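Colleague: Listed below are the residues making up each chain.
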Amino acid sequence: MSPASAPPPAPASWRRHEARLAWAFVLPALGLVATVAVFPIAWTVWESLHLHDLRMPWLGRPFVGVANYVEAAGDRRLWSAVGHTGLFAVLTVSLELTGGLVLALGLDRLRRAAGLVRTAVLLPWALPTVVAALIWRFIFESPAGLATAMATRAGLEAPTWFADAVAAWVPLVLADVWKTTPFVAILLLAGLQAIDPALSEAAAVDGAGPWRRFTGITLPLLRPALLVACLFRTLDALRVFDLVYVMTGGGPGTATEPIALYTFSTLLQNLRFGFGAALSVLVFVAAFGLASLAIRVMGGDAFLERRS
Amino acid sequence: MRRRAWGWTAVTAALVAALLGPLYWAVLSSLTPEPRLFAAPGLVPRALVLTHYRALFEDHDFWVPVANSLIVAGTTTVVSVVLGALCAYATARLRFRGKAPILAFVLAVSMFPQIAIVSPLYMVLRAAGLLNTYPGLVLPYLSFAMPLTIWLLDGYFRQLPLDLEEAALVDGAGRLRTLKEIVLPLAWPGLATTAILTFLYSWNEFLFALSFTLGPERYTVPVAIALFRGQYQVPWGQILAGAVVATVPVAAVVMVAQRRITAGLTSGAVKG
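As given, the protein sequences belong to chains A and B, one line each in that order. Quick note: the first sequence, position 133, residue 1415 per the numbering used here, numbers continuous. Quick note: the second sequence, position 241, residue 330 per the numbering used here, numbers continuous.
Hints are computed from structural coordinates only; laboratory data are not their basis. Note that this is a predicted model, so its numbers are computed, not measured. Don't be surprised by glycine CBs; every beta carbon is placed ideally from N, CA and C. The reader is advised that the hints may include incorrect statements.
Some chain A residues near chain B, calculated using beta-carbon distances under 10 Å [said to hold, decoys possible]:
#, residue
1, P1322
2, L1387
3, A1408
4, A1467
5, T1545
Covered by chain B, according to a simulated footprint, are these stretches of chain A (three or more residues, beta-carbon under 8 Å) [claimed, not checked]:
#, stretch
6, 1303-1314
7, 1553-1559
8, 1564-1572
Have a look at the derived ranges for each label pair, beta carbon to beta carbon [said to hold, decoys possible]:
#, chain 1, residue 1, chain 2, residue 2, range
9, B, M344, A, L1501, 31 to 39 Å
10, A, L1575, B, A189, 16 to 24 Å
11, A, D1488, B, P134, 53 to 61 Å
12, A, G1491, B, T98, 17 to 25 Å
13, A, P1310, B, R186, 17 to 25 Å
14, B, A189, A, P1310, 18 to 26 Å
15, B, A189, A, T1497, 34 to 42 Å
16, B, T98, A, G1356, 50 to 58 Å
17, A, P1310, B, R184, 16 to 24 Å
18, A, G1531, B, Y321, 15 to 23 Å
19, A, A1426, B, I160, 34 to 42 Å
So here's chain A without its partners, still in its complex pose:
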């Protein structure tokens, strides 16, 4: 991979033997990945160029070119799903990065019971998303859930959360922030602990206050960790499915329907496989475009470099 690991001179036959062994080790895994991930993607692209409706088998599966994409471009439900996904991503990622940073700074200063606290912090991240979704749906259940009770006690008038196109976003975003802030915090904590404390101490000796040290030293040095956390969270937010499926089902109506849920119902509920495949390809392209953009911004092969 890098010139540093260039092979020292070895007999050619020995090297050939090693290469053959390497491929024997690599091929079963790669073959499996190709079968269960790459072949399906290629199939999806091909399918997206066909009219294929399992409810109307007599139509067959004619090639229709880009007709499915043309339909998608004019589909208002798709565009609002794109909007919902973007809104969800912006809200959750910004809240999670902020909360995760505060939590990481707190964990970093913890002297006692650090292991115990980290275990507690990891729990929401580690449990199934479906469980998180159900717990928060229970809390926001109207009219007698905990959230409504607390709002009433505070003298506020609570909306009927899941029946309100705007209020339904509150439990969705809260549940995601609750579940994923720990993940962000753990990533950022590793970044914080890699910073040499001598830098901060030197700045303190020079008279820099805590805020100056934070903005002048900690934040810039934490930038790579923040970018990585931001990338992973954004990619996940764009694929959000479990949470919405369980909490709102995309409702009321389609007011909280993200693109993955719209694609899912097009495929497995309406059985429109051709059009659903076109939607899948759009999700795929968006996720991939974002990832390659982010990797470029982070500086070339920062990703593969993290290997060595």
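Chain A is fixed; fit chain B onto it per the hints.
Modeller: Coordinates of chain B only, in the frame set by chain A:
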């Protein structure tokens, strides 16, 4: 100085309480009799009952999804750690052309959105008669488990010390013997971390399990609790009991392996 330390402790304590509060509320509610579930909430319970758990296992055969989840997540973990370890050892240690493209390929696949491969997998599994079977879940799960294990283990093998391996090779032990007798014993902490993360992701998976199972006899735990329906109203007590049961193995793993999970996440965070 001292005052600021207290300030941070307070902020951290508040955040940790916010993270644990909903879990506490769920456990408490799963032990509360149904009629009281939506009565005036209090933090200290007045009556605890196990009726929801009993109903879950006795009337709803909840051990079926638990067994399904254990079988599917366990098989996925074993297959992907074994094949992933071989592949990662080759990319980390052996000399051959094509390592960098292989790793880039694996990283790329780990970013595939699951929803984009649901329909072809559905068609293929249906044609092969594998819908609603264990292999019909394990195979799709490998699409996210294999890239995860290869990526984590490649990183792990790279940071193992080289000298022992080189000494064994110089002494004439072949690659295979070196792998078996030197590398694997050294690498077991990395293998354990990888297995733990793979198991967690497989135990928690929802979209594939929802798409490729057809009935309660093959539902995994997340699908079973998400699709739990009562006859007249939402049976919240039993749903929450199911949620707690789904959390128990996860909580156990996190308690035992917190340090490893943290290390695995930060060394090669593939996905959240």
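Colleague: Indicate, hint by hint, whether the structure satisfies it.
Modeller: Results of checking the hints against the structure:
Given the 10 Å rule on beta carbons, the hint for P1322/A holds: about 4 Å separates it from the nearest Cβ of chain B. The beta carbon of L1387/A is positioned within 10 Å of a beta carbon in chain B (closest approach about 7 Å), and the interface hint is therefore held. Interface restraint check for A1408/A: the shortest CB-CB distance to chain B comes to about 5 Å, inside 10 Å, so the restraint holds. With a least beta-carbon distance of about 9 Å to chain B, the hint placing A1467/A at the interface is held under the 10 Å criterion.
A cut of 10 Å between beta carbons decides the hint on T1545/A: the least distance to chain B is about 5 Å, and the hint holds. Proximity of the stretch 1303-1314 of chain A to chain B, defined as three or more residues with a beta carbon under 8 Å from a beta carbon of that chain, is established by the 9 residues found. Residues of the stretch 1553-1559 of chain A lying with their CB closer than 8 Å to a CB of chain B number 3, which satisfies the three-residue condition for coverage. Counting residues of the stretch 1564-1572 of chain A whose CB falls under 8 Å from any CB of chain B gives 4; the rule of at least 3 is met.
Look at M344/B against L1501/A: about 33 Å separates their beta carbons, and that is inside 31 to 39 Å. Against the hinted window of 16 to 24 Å, the Cβ-Cβ separation of L1575/A and A189/B comes to about 21 Å, which satisfies the hint. Look at D1488/A against P134/B: about 55 Å separates their beta carbons, and that is inside 53 to 61 Å. For G1491/A paired with T98/B, a C-beta distance near 20 Å keeps the hint of 17 to 25 Å intact.
At about 19 Å, the beta-carbon gap between P1310/A and R186/B stays in the expected band of 17 to 25 Å. Taking the beta carbon of each, A189/B and P1310/A are about 20 Å apart, inside 18 to 26 Å as hinted. For A189/B and T1497/A, the hinted distance range of 34 to 42 Å is satisfied, since their beta carbons lie about 37 Å from each other. Here the CB-CB span from T98/B to G1356/A is close to 56 Å, well matched to the stated 50 to 58 Å.
Checked against the hint of 16 to 24 Å, the C-beta distance between P1310/A and R184/B comes to roughly 20 Å, which is consistent with it. Restraint check, G1531/A to Y321/B: a C-beta distance of roughly 19 Å satisfies the suggested window 15 to 23 Å. Taking 34 to 42 Å as the suggested C-beta distance range, the pair A1426/A and I160/B conforms, at roughly 39 Å.
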